[in-house]
Every structure is written in C-alpha cells, then in structure tokens.
Amino acid sequence: MSAAVTLSGVGKSFGARELFRDVSFDVQEGEVFVVLGGSGCGKSTLMRLMIGLDRPNTGQIMVLGHDSARKPDLIRPMIGVMFQSGALFGSLSVLENVMLPLKIFTDLPAQAQTEIARLKLALVGLREAESLMPAEISGGMARRAAIARALALDPPLLFLDEPSAGLDPITSAGLDRLILDLRDMLGATFIVVTHELPSILAIADRCVMLDAKARGMVALGRPRELQAKSPNATVHAFFNREML
Amino acid sequence: MDKIALIMEPGRLKLDGPMTASSLAPIWRRALEKARAAQQNVQPLTIDLSSAPKIDMAGITLLLALEQAHPGVTFEGLGQRPATLLARLRKEAKTAPPPPARAPIPRRGAALAQRVRDGLAFLGDITLAIITLPANLRFFRAADFFRLADQAGGQALPLILMLGYLIGMILAFQSAVPMRQFGADLYVADLVAIALFRELGPLLCAVILAGRTGSAFAAELGTMQVNEEIAALQTMGIDPATMLVLPRAGAMMLVLPGLTMAMDVAGLAGMATVLMLFGFPPAVIAAHVATTANVGRFLVGLAKSIPFGLAVALVGCRAGLSAGLGPRAVGEAATAAVVGGIVWTILLDGLFAVFSYRMHL
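The listed protein sequences correspond, in order, to chains A and B. If you count by my numbering, then the first sequence holds residues 1 to 244, one letter each, in order. If you count by my numbering, then the second sequence holds residues 245 to 605, one letter each, in order.
Hints in this document: simulated from the structure, not taken from any laboratory. These numbers come from a predicted model, not from an experiment. Cβ coordinates follow ideal geometry from the N, Cα and C atoms, glycine included. Treat the hints loosely; a few may be bogus.
As the list claims (entries may be wrong) - Calculated lysine-lysine pairs in the PhoX-like style (CA-CA distance at most 25 Å, straight line):
1) B:Lys298 / B:Lys335
2) B:Lys278 / B:Lys298
3) A:Lys213 / A:Lys229
4) A:Lys71 / B:Lys278
5) A:Lys103 / B:Lys247
6) A:Lys71 / A:Lys103
What the hints assert, rightly or not - If you want the footprint, here are the derived chain B segments under chain A, 3+ residues with CB under 8 Å:
7) 298–305
8) 322–331
What the hints assert, rightly or not - Here are a few chain B residues that face chain A, going by a calculated C-beta distance under 7 Å:
9) Pro262
10) Ser266
11) Phe366
12) Asp369
Just chain B, same shape as in the assembly (with noise of 0.2 Å):
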C-alpha cells in the first residue's frame, strides 16, 4: 500500500508520498484541520506538492477539500496533469446543480389506499378475463395450464405426503399423552380426522402452496415484468390476465383438492402410526375415523381448498405482475405473494368457519 506523511510547518503543509485512494486516508482528517486552524488564525497556507510523486482523483479531491477549508491556499510543485485535473473537477464541482431533495415519502395511509385501488382494479380485470374468456380461448395456452398443474400439483405431492404424515404424527402424539390421562387416548383418532379433514387439511396445503408456488407465480411473472415481457404482451393485443393469471389460478384452483386429499389420507396414516404404537388395534382406530371423518367434513374442507387455491394463485400473480424495476422488485413480489397468500388463506378460512357456523355445516 502506498505511504505518505503530513509534515507540518507554520504556514506550510508539505505532503510526502503519493496521493491515491489507498494512501490518504491517515492524513486526510489532519490534513483538513490544519489548513482550518490556518484559516481561522487568518494565516497563509502553501501546500508543497514537490513530493508527492502521484496525484490521482482521491488527491485532487483532498486539494479541493483543502481549498474550501482554507480559500486562500496556494499549491507548490504541482504537475502538469494534476494541475488540469484539478482545474476541471474544480469547475464540474462549481457548476454541478446540487443534487434534488429527495420526493417526500408518501404517507401510509394513502399509500393503503392506492393499494387497495389496484387491487380492485386487478379483480376487476380477472373478473372481465373470465366473462371474455370464451372470446379470446386462442390466449388461454392449454399446455402452459397442464405444465403449471404439474409444477403445482404434481411436483408438490412428495411434500404435501410427506408433511400431512409427520403432522399427523405430532397431532396424534401430542394429544394422546395428556387425553390418555383420561382413558381417552383412543378419541384421538376422532380428534386427528375431524382436524385434518376441516381445518388443518386444507390450510396447511394452501399455506405450503403460498410459500412453494405463489411465490413462484409472483417470481415469474415479477421477472417477465422486469424484462418488459408483459409490456410486450399488452402491445401485441394479449390480455396478460388470460394468457398469465387464469392459467395459474385455475391450475391451483385444480391441484389444491386433490394435495388437500393427499394431506388428509397421509395425516391419518401417520396418526395411525402413533396409536398403533400406542397398542390400539388398526380396524378399532379405522372404525372410529369412519364414524367422525363423514363425507359431509371431508366435502367442507375439499369445498374450501378450491377458494384458497384461487386465493394464493391471485395473490402471487397480483405481486408479480405489479413488480417495480430493477432486481430487488422480484424478492420483494415474491416475498408479497407468500405474506399476502397466507393472511388471505386465513381470512378466508375464518369467514368458512362462520358461514359453516351459520349453516349447520
């Protein structure tokens, strides 16, 4: 790394060594304060560049620094270049317009509000995209629905098996200690169907959708928004809502029964699994589940799957495709599809568990 000293006398700075970026930095603060100090005692001062055998842009700006600091100040030894360096980026900084004040930030409030307008006008435009669907079938790509089907469905079985048997495992494991305290250990097989099959089925599959698959919607789409694809798309006569969104959602609003099922039947066995080893007899825990697991809460938790579906795959395409610029704008949709999905899938939920309240259901 390059050295350079500061060697002060009365009146005069003499700076030893090369001036660059990787060197000034030791001297720069002492530097500023001395010619200060000079020009507070309203004394003259000569900076001596004899010595310093290389003056980059980092250098040059300390010598202008050194200026403002001390408008008197006279430079020595100065080269050449240097000299023309300084006497341009002295010009540029003296005409450069100060940069503009920031735009203030909007306030929360109408911020929600503006939000809440697009999106209104985003149901809106699925809500046209569906009446006009029958007009513009030639945009609905039928091998764009299979594929998304297959990534959201498909490719998420092994995941959705795999945790509705784990978390009937728990759910099962969990209750059965404190019901067995009771001679009641065996209800927890009424406990585990009648959970997975209304409440916990559906919307643990719609909250792992929201993280997998809405947050790939919104990755996707955000990007193809970044790259201008959907600019493209509108200039060219295509709806984006019918080529892109109404894929995605009814590829969700297809997938999400059948994980949900899938859900339901792998939460049985690992609750199975557990009174098994808790010694209770198989055809005992399957006559219990046939008694409370009727086809009427099977029905009320695959009805609710479909709305949550749709849910999760408009709120992912909604944040891709209302993206801003640049890179961070794809995190930060992605990271909006998975909040947004899960709260929706909730307040959905929270109103089919009034409504079923209602009905009797």
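Next up, chain A with everything else stripped away, as it sits in the complex (with noise of 0.2 Å):
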C-alpha cells in the first residue's frame, strides 16, 4: 500500500493570522481519513490545499504523486470532492449534476452517461429523485447527490467536506455506511473532514486532529485508541465529549 496523499510541513496564514502550521501526515491507499477538529480550527482550509484550491504558505502537499499547488490541473481529474454545502447546480436536475462530469470529460454515448449516472444515484438511493431538481430536495439528499456527482467518473481519491453536518443520526449513519461500502466496493481513499464526533468512530481508519489554540495537528492515530488513550487534554475532551 502507497501513499495517496502526503503532507510534509504544511503552514497557511490569512495575512497575519496564522491559521495551522507544520502539518504532517500521509494518507494510505484505500484508507478513510478524517481530518477533525473544532470550529475554526482549519479542516475546511486544509482540504482546500489538498485539492489545490488554495496554496500553503509553508510546506508541500502530493497527490497521487502531484504537487497540488503547482500541478492543480493534474489531479482534478483523478479527484472527486463533496462540498460541505453540496453545491449542486441549481439550474440541472440531479441526474444532470451527476451526468456533467461524464459529459465533459468522457466520449460515451448519452445513453451509456445516462445509465451510468443513474446507477450511482441508486448507489446513493436517490434513483427516485433523479428528475427533481436540487431546490427541491433535503439537504442529507442534496449530500448524497453530491456524493454521487463526484464519484462519476470513478476517482481513485474522494474528499467530502462535513458529509454528515446538520443532519439527524439516521441520515447521517446511512452516509457513513454508504462511504465504507464505497470504500470496499471501489477500494477508494476517502479523505473526510468532520466534527461529527459518531461519523468519525463510524469511518475512520485513522485520523488527523486539528486544533485553533494550538495552531496545528494536536493527534494523529487510529480514532478509538486516541479516543482511550490520548495524553492531550483537548484530544482526550474532544473525543470524550469533556469541558475543558
């Protein structure tokens, strides 16, 4: 097993507000990595780097064996991200959504596009809301429609930004049952960025803690033994659901 992604150093600072620095840690092929963290503390803005949205200020981060600040351009097409929000396409229904990938980058017959973006929102059971349009559906479904659009064309790499935020325990459980089924039936790494304390016992195979006071990872390991056995006090509250 190789690494699909690999963090060596990594700072961000908006003008003099240093958000994280030195950050360190690899992500194995076929693994679900959770990044976590409170509020504020960079998870969101350290997945944005990941995915070459932003550049580090500090540091290097490789992807599939690219810099993602320097070669954005290479790894989009070997990604597939779920924004926090979804963002579908307001203006296509959800079957268009997960179709558009397909349409830009693949030569296949619309049929071919068609049958295949409609298996993967069976994948994620929403084959029967294919023809609605995202105004007109929840917002656990709108995150599984994004699921589904960012695995259309089959990346090897998946990130999903808060998957599970504001919704109740069924849904939410339903989705971490749908990333580890994704994970074994696509032997696809997940990155996943979370505060959902149930999601991420649920998925993790092993995870990153972030924390704003102390500008930087704070815990990286396997979630239950950090869970037992962290010496740090804000790891230790975190995953107990202590005050400090």
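Using the supplied hints, reconstruct the complex from the two chains, each of which is provided in its own coordinate frame.
Here's what the structure looks like:
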C-alpha cells in the first residue's frame, strides 16, 4: 500500500493570522482518513489546500504523485470532491448534475452516460429523485447527490467536506455506511473533513486532529486509540465529550 | 487515456484493456449490438474479462447493459471486487423505484390567475403596512431609508445627468435637421423642452431606475428569501412589508422627482449645445424654453415621476419577495423586476396621457 496523499510541514496564514503550521501526515490508498477538530481550526482550509484550490504558505502537499499547489490541473481529473453545501448546480436536475462530469470528460454515448449516472444515484439511494431540482430535495439528499456526482468518473481519491453536518442521526449513519460501502466496493481512498464524533468513530481508519489554539495538529492515529489513551487534554476532551 | 479493444469471436466477446469511463466510449455501442444480435439469433454469449485489469462503475454499467441486451450472457474472468460491485449494482438497478413522472406543467391561464391573485395580495399587504405604519414605526428603519435614497438617487445622479445631456443632444440634432428645411429649426428648443418636461424626463428616469435600482431591490430581497431571512423576520413578528418594502418605496418616490428635474435640466443643456453649434445665441434659446416650458408642464412631469417611482419599487420588491429557492431564482427575480418595472411605468404613463387630455392639463 502506498500513500495517496502526503503533507510535509504544511502551514497556512491569512494575513497576520496563522491558521496552522507544520502539519504533516500521509493518507494510504484505500484508507478512510478523517480530518477533525473544533470549529475554526482550519479543517476545510486544509481540504482546499489538498485539492489545489488554495496554496499553502509553507510545506508541500503531494496528491497522487503531484504537487497540489503547482499542478492542480493534473490532480483534478483524479479526484472527486463533495463540498459542505453539496454545491449542486441549481439549474440542473439531480441526474444532470451527476451526468455533467461524464458529459465533459468522456465521449460515452448519451444513453451510457444516463445509465452510469442512474446507477450512481441508485448506489446512494437517490434513484427516485433523479428528475428533481436541487432546490426540491432535502439537505441529506443533496449531500448524497453530491457524493454521486463526485463519484461520476470513478476517481481513486474522494474528498468529503462535512458530509453529515446538520443531518439527523439516521441519515448521518446512512451516509457513514455509504462511505464504507463505496470504499469496500471501489477501493477508493476517502479523506473526510468532519467534527461529528459518531461519524469519526464509525468510518475513520485513521484521523488527524487540528486545534485552533495549538495552531496545528495535536493528534494522529486510530480514533479508538486516541479516545482511549491520548495524553493531549484537547484530544481527550474531544473524543470523550468533556469540557476543558 | 486508457484504451480498450473489443475482440469478437463466435459466441464470445473479449474485452482487452481497462474498462473505465474514459476508455469505453469507442466500444460501447458495438458491444451492445453484438449482444443484441446474439440474443436475436438465440446464440449463447460469453464475455471474456480476463484481460480487463480494471473495471470501474462505468465498466459495470456496460456489463449490466450487456446482461439486459442478452439475459443469458455469462462473464468469464471477473475479479472479486468487480463481481461484488456488479452484484450490488444489479440489485440496486432492480430494486430502485422508477423515477416519478414529472408533474404536469400548469396551464398558462391558471398560472396567470395565480400571479394576479398574488399581486393583489401583495398590494393588500402594502396597503395594510401603510395603514398600520404609525403603530409599527419601530420596524421602519430610518437609516435604511436614507441609505436606499442615497443608492437610488445620489449614486444614480451622474448617470442620469450624462444620459439626459446625451438624449437632449440627440433629440435636438435629429429634429433640427428636418425642421431646418422649413426654417423652423429654432422651434427645436420648444419641442425638446416640452418632450422632456412632460414625457421623456420622468419616463426615462423611471426606465433607468427600473434597470438599476428595481433589479437591485429584487436581487437583494430575493437573496434574503433564498437565505430564509424573510422567514426569520416573519417568525420574529416583524412585517417584511413595513421593514423592507416601505423604505424602498418611500426612497424611490422621494428621489425620482429629483432625478427627473436633473434629467430635464441636463437634456435642456444638451439641446442648447446643439442649437448653439447651429448658430443660435443662448438668449434666444432661453427665451423659447421659458415660453414653452412653463411651470404647469414641469409639474405634470414631476407629478408623474412619483407613481413611476412607486411602481418600480413595488415591482422590484414583489419580484424579490416572491423569488423561489436556489440561485437561479435571484436572477429570475431581477429579470422580472426590470421587465415589470418598465411595463408598469409605460402603462401608468398611458393612463396619465388619457387623464391629462381629459383634464386639459
């Protein structure tokens, strides 16, 4: 097994405000890796750095063998991204949203594109919603549709930003199950940004925790181990839902 | 890009290469045609996948399509992971309920009737908000009113002056050339002054503000609607009509007469520029303007601009408040505000024309 993503000494500041520094870890192929931490610690920013939407101030991020800051265009056809809001295109139906990458990046016949998109929607349990517009579906359905769109080209690496934030526990558990099923069936690598503890414990093979006060990572490892015996007070409080 | 070859043998199809979304396009149709032909000829068909090192979901979709085209097809050399994925997707494809039929498109007549009803309800809300304003003054934010008046009036003034000046010049020039043939080119001053004061000043100002400010009102309120800010106001017991619509309507009614005056003056300046270039002295032009552009005509134009401002503001606010969900709704609201603002301005202008004719104004 080799590393799909490697971060070495990554730091990011916005003006004089330092968000984090010296973040280093790697994500192995086929792993579900979770980036976690409290609000405002830089989880989503770290994801934006990994997918090449922003550049780190220090350090290097290698994604599938390419520098994400220097060669973002080489990375993008190989990754799928689900943004926090779902970011479905409001003028396209759910099915058309999923078909869009297939239309742009493949020469498959229209019928084949439709069938592939329908199967992906069926896989995330949204076949019956294919003709609905994004404004007509719930938040949980929009997230699942966004996952189906991220899967459109069968990328080996998927980034999911807060997939279960604001969802009810049943829908959230369904999404967790879906992520694990997709990993097992497709062999894809998942990098999930979340601070939902039940999700972290359910899906993460390993995780990294960022902390706003420490301005960097405070833990890296398996979630159950961190929950049981992390010496760091913030990590212990996070995993055991305690006040600091 | 991945490449795949389709090797056809009697009763057998061999797929040689990765079966991925980026590789399958050249062979998709041929593979299905082969499967259908075998099915029609009642021949068995085996798909040899031993040389397909990678099969993604697009590849699985093709295998399912082949199964559909030839239900007796068998797969050889299918790896464990693709086999699991095939079984799962086969199950999903079978158990997934068919997509529901689209709701019938409502008849245009019914939709129009609904729009009229909604429009009347909106007018009722605004009337109620005006009547209850003394009791709800705490919802009417003076700071908003002045900000909106500045946006709609102060910030639009340079544009109005420039367009007024250019329109005055164009009107004068286009009229002076044919009128010179009859030696009546000096009467261009009278013509432009009357046209500007009675019609073009208020009308053009209202059209410009429909495009500039009415659309901005619609976009702002439409975004608030999309973000559920309007619902939040309602749940707090704050009437959106009082807090959002009345300040905008008041601001537009206040600034449009002022902008109309500015356009009148700028238009006269443009006309005077052209006539001076034609050799007429400023004193003569001023005397003609003073004779024809009397206070009555000036006031008729100003009086018209107040309902024009009200119409543009109400149409813009109504478009924003009735916006649907999603980003497209905001664009549609802005379009509706501009189109509706212009249409209502011209309709009101027509009514004023009939009214002033009857009243000998």
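Status of the hints after comparison with the structure:
{"no.": "1", "hint": "B:Lys298 / B:Lys335", "verdict": "22 Å, holds"}
{"no.": "2", "hint": "B:Lys278 / B:Lys298", "verdict": "22 Å, holds"}
{"no.": "3", "hint": "A:Lys213 / A:Lys229", "verdict": "21 Å, holds"}
{"no.": "4", "hint": "A:Lys71 / B:Lys278", "verdict": "42 Å, violated"}
{"no.": "5", "hint": "A:Lys103 / B:Lys247", "verdict": "18 Å, holds"}
{"no.": "6", "hint": "A:Lys71 / A:Lys103", "verdict": "24 Å, holds"}
{"no.": "7", "hint": "298–305", "verdict": "holds (count 5)"}
{"no.": "8", "hint": "322–331", "verdict": "holds (count 3)"}
{"no.": "9", "hint": "Pro262", "verdict": "11 Å, violated"}
{"no.": "10", "hint": "Ser266", "verdict": "6 Å, holds"}
{"no.": "11", "hint": "Phe366", "verdict": "22 Å, violated"}
{"no.": "12", "hint": "Asp369", "verdict": "24 Å, violated"}
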